[in-house]
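This is what each chain is made of:
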Amino acid sequence: MRSVFPALYLLSIESVKPMRFLRYLLYSYFIFLLINFIFFDNIFYLSTAQHSAESILILIFSISFFLHLIIDDEADYKTVKPALFFSMGIGLYESINFFIYLFFYPVLNSDYNFATTIYDASQYSFILYWVMTGLAIYFHTRQPVHKISSAS
Amino acid sequence: MTSNINYLLVLGIAVMLGLMLSVLLAVMLSFRKKNQHRRAMEALRQEQQNQLIEAAIRSEEEERHRIAETLHDEVGAILSSAKLHLLGIKQQTLDEKDTKLHEKGAGLLNDGIKRIRGISHNLHSNILKEFGFNEAVIHFLSQVTGGSMIETSTNLDERYKGNKQEHDMSLYRIIQELLNNTIKYAGATSLTITSELFSDNLSIRITHNGNGLSQEEFETFSFRKEGLGLKNIRNRILLLKGQVSFSKTQEQSVILLKIPANLPL
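Protein sequences, first through last, are from chains H and W.
Using this note's numbering, you'd call the opening residue of the first sequence number 1 and step up by one each time.
Using this note's numbering, you'd call the opening residue of the second sequence number 1 and step up by one each time.
Treat the hints as calculated values from the structure; they're not laboratory data.
For the chain H half of the interface with chain W, some residues (derived, Cβ under 10 Å), not all of them:
1. I71
2. D73
3. E94
4. A121
Calculated lysine-lysine pairs in the DSSO-like style (CA-CA distance at most 27 Å, straight line):
5. W/K100 <-> W/K90
6. W/K129 <-> W/K161
7. W/K34 <-> H/K78
8. W/K231 <-> W/K164
9. W/K241 <-> W/K161
10. W/K97 <-> W/K114
11. H/K81 <-> W/K34
12. W/K90 <-> W/K104
13. W/K33 <-> H/K78
14. H/K81 <-> W/K33
15. W/K248 <-> W/K184
16. W/K164 <-> W/K258
All of these numbers come straight from a predicted model, not from anything done at the bench.
In this text, a Cβ means the ideal position worked out from N, Cα and C, and glycines have one as well.
Take the sequences, apply the hints, and build the full model.
As structure tokens, this is what we get:
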């Protein structure tokens, strides 16, 4: 479920809202989640398939957001800075962790030391993610509040 | 087998990370490009605005000159001719009452001619062209306050030799407008103009003991429809790339103008 809140946050951004396929992708993910836990995985154990699906979902969300920023001429750096930093953090985190989740059990079974090393890498990327999220929150609070005043 | 999985895993992470970093780099580059484009557009917009202001000011000056010339050459000539005709009347043939009327008429005509000359000189600003900015300010001040109860003094920096004539004209018009406003609305009895040239900037300070404007009042009035004079001041200041600030205390009001002294010709 760690991907749901970031996905909802990215969906709440004005420029991402019109991208309907992301919404459908999120619904598809919920369906996948149900099918996965009913037929394949146990909800009480770490499901690498679920984590990988989450990673790919978030990667698609954040890359869509980035591509939109590239093509949108009106996108203003100062306005999108918090969302950009958050997406950067989560995008980097998921890009590192997608393959870690995908291959974690096979690597753990074959090479325990390497598994711990990549797990450490995963934890470091998690720190990076929260640093970026912290920066995003900081930039969000620093944004000026636009007040509507009556013209005299 | 083990090393294969490890290799695939590391390769996968590297590819994904590379992909993500490339996208981020593209985002950053696009923002940079957009910012450059935005700045260029803003500079262009500013340049167009300046050109519009300059055109408006130039047409205003041309109109002033036309009016000044019409007043001086046509109305002034008619009044001078009327004076000649009036002086041609033999006073010996007039009785005491008509003599008084004749003198009164001649006096009023003289007054009219002087005023027409004054107005046309103000509009034309010949003194500015011939004697420079400082002399023009001193002359204008003596003209507008002459005969009134306002005590005036000037202390203008002689090192200031003038800018491009159009810029000096704009500065002169600003001073004219400010002095007119001060005399009309502030109710001042003492007024001082000082100027100082320092590091390529000319600073002009108008101090008076009347009820002048504060910065907030200036900003408010200059955006109103009827605040044409203040609007002109704002536009001319914008054109000169200068600053104007208003401040007042209970004792005095100060208007401070800061203009680059070496504007490009």
